[in-house]
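S.K.: Each residue of the sequence shown is one higher than the last, beginning at 2 in this note's numbering.
Just so you know, these hints were derived from the structure itself, not from any lab.
There's no promise every hint is true.
Pairwise CB distance ranges (calculated) [said to hold, decoys possible]:
1) Arg64 to Asp13: 34 to 44 Å
2) Leu66 to Glu12: 34 to 44 Å
3) Val35 to Glu12: 49 to 59 Å
4) Cys62 to Asp16: 45 to 55 Å
5) Arg20 to Gly63: 48 to 58 Å
6) His4 to Glu51: 21 to 31 Å
7) Gly80 to Met8: 16 to 26 Å
8) Cys33 to Met8: 23 to 33 Å
9) Leu76 to Asp16: 38 to 48 Å
Backbone N, C-alpha and C fix where the C-beta goes; we use that ideal spot for every residue, glycine too.
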Amino acid sequence: MGHGDLMSRAEDVADQFLRGTKHYLPHVARLCLVSTFLEDGFRMWFQWAEQSEYIDSTWSCGRLLANIFVLLNLLGQLGNTHTPEPEP
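Working from the sequences, and respecting the hints, build out all of it.
M.R.: Right, dumping it as structure tokens:
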């Protein structure tokens, strides 16, 4: 079996797999994207002190502004997890 035959067989297997899963992949991709935002939001919530301390030490903006920034990021992470369906 030559290199070309192996590549052709691999392409056939990949094509067959994608044909069988093409209806599920967009939903899985959305689930992965939403779970990333949720995980970031929960991590931000549980590491609030570390997050605001890092922002304050990096930007030298004071604890109040650092907390406001972390809050805005938290709301953005948890509040924007809805992905609207594209219009046809």
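S.K.: Hint by hint, say whether it matches the structure.
M.R.: Results of checking the hints against the structure:
1. Arg64 to Asp13: 34 to 44 Å: violated (60 Å)
2. Leu66 to Glu12: 34 to 44 Å: violated (54 Å)
3. Val35 to Glu12: 49 to 59 Å: violated (32 Å)
4. Cys62 to Asp16: 45 to 55 Å: holds (53 Å)
5. Arg20 to Gly63: 48 to 58 Å: holds (56 Å)
6. His4 to Glu51: 21 to 31 Å: The hinted range 21 to 31 Å is violated for His4 and Glu51, with Cβ atoms some 52 Å apart.
7. Gly80 to Met8: 16 to 26 Å: violated (46 Å)
8. Cys33 to Met8: 23 to 33 Å: holds (29 Å)
9. Leu76 to Asp16: 38 to 48 Å: The hint (38 to 48 Å, Cβ to Cβ) holds, given that Leu76 and Asp16 are roughly 43 Å apart.
Consistency note: the structure conflicts with the earlier hints numbered 1, 2, 3, 6 and 7.
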